[in-house]
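*Asks:* In terms of my numbering, the sequence shown is numbered consecutively and its last residue is 229.
Among the hints, erroneous ones may be present.
What the hints assert, rightly or not - Across the chosen pairs, the derived CB separations fall in these ranges:
id	residue 1	residue 2	range
1	Q132	G105	12 to 22 Å
2	L128	K61	35 to 45 Å
3	D29	K115	31 to 41 Å
4	D76	K116	43 to 53 Å
What the hints contain is simulated information worked out from the structure, not anything from laboratory work. Glycine included, each C-beta is placed from N, C-alpha and C at the ideal position.
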Amino acid sequence: MKVNIRASLHLYFIAGTQDMRHLSGDPADNLLNILRQALESGISCFQFRDKGQFSLAAQPKAQADLAKKCRRLCHDYQIPFIMNDDVELGLAVGADGIHIGQSDGNVKQIIERLKKQNLIFGLSINTLEQLQHYRHYDAIDYFGIGPIFPTASKLDHSAALGVDFLDNLPRLAIDKPCVAIGGINTANAARLRQSGIDGLAVISAITQAPDIPLAVRQLKAAPIILNNR
1 MKVNIRASLH
11 LYFIAGTQDM
21 RHLSGDPADN
31 LLNILRQALE
41 SGISCFQFRD
51 KGQFSLAAQP
61 KAQADLAKKC
71 RRLCHDYQIP
81 FIMNDDVELG
91 LAVGADGIHI
101 GQSDGNVKQI
111 IERLKKQNLI
121 FGLSINTLEQ
131 LQHYRHYDAI
141 DYFGIGPIFP
151 TASKLDHSAA
161 LGVDFLDNLP
171 RLAIDKPCVA
181 IGGINTANAA
191 RLRQSGIDGL
201 AVISAITQAP
211 DIPLAVRQLK
221 AAPIILNNR
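With these hints in hand, go ahead and build the complete structure from the sequences.
*Replies:* In structure tokens, the structure reads:
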């Protein structure tokens, strides 16, 4: 799949079975149902982030089967399917890309592992120092900046960076696409777009939305401010 990475970050949905605890029924079926609705409503990218106590991490076959179903759904809508953290699982299920956090492994080793795979590679950024360190790594395709606000979706998240961090990004002249994550919802999306960020990544803003199509429309409708990065 040929992907315009900057465009694919516009509304970046992240989820796994651990994010389905508020729903009755099978978590895998619930994830597929929510993903289908989100795709139909116009998300631009999906990251399969299935990890933690309430995920399928202890059931690797079931987890891989679910990842493949999610990948097929994404490809039906010509949307990139990104695997969070697990490089081997991502390769096994045919992911379009891999996203890793600062604590998910040695970045240089993972880059070396993936250099011949022609996959999208995203890296989480939690501090200005990390951003300055990795900004010139050619193998990194985009940065996930956050958390911007406190979030309950990730129990081990870093301190919130705040909107000011995004407002200062244009001054740094970062030439890689950047997507904001952490506590983003329909109430604050428009403010974040004003910073010139390339996209917004959300979990609970979609998984817990009473009306998913409406939530996606509202998140997408936030004004896009063209930037010079």
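*Asks:* With 12 to 22 Å as the target window, see if Q132 and G105 comply at their CB atoms.
*Replies:* 21 Å, holds
*Asks:* CB of D29 to CB of K115, is that within 31 to 41 Å?
*Replies:* Holds, at about 37 Å.
*Asks:* In this structure, is the beta-carbon distance linking L128 and K61 contained in 35 to 45 Å?
*Replies:* Cβ of L128 to Cβ of K61: about 41 Å, so the range 35 to 45 Å holds.
*Asks:* Is the gap between the beta carbons of D76 and K116 within 43 to 53 Å?
*Replies:* Once the Cβ atoms are compared, 27 Å apart, the range 43 to 53 Å for K116 and D76 is violated.
The structure does not agree with numbered hint 4 stated previously, though it agrees with all others.
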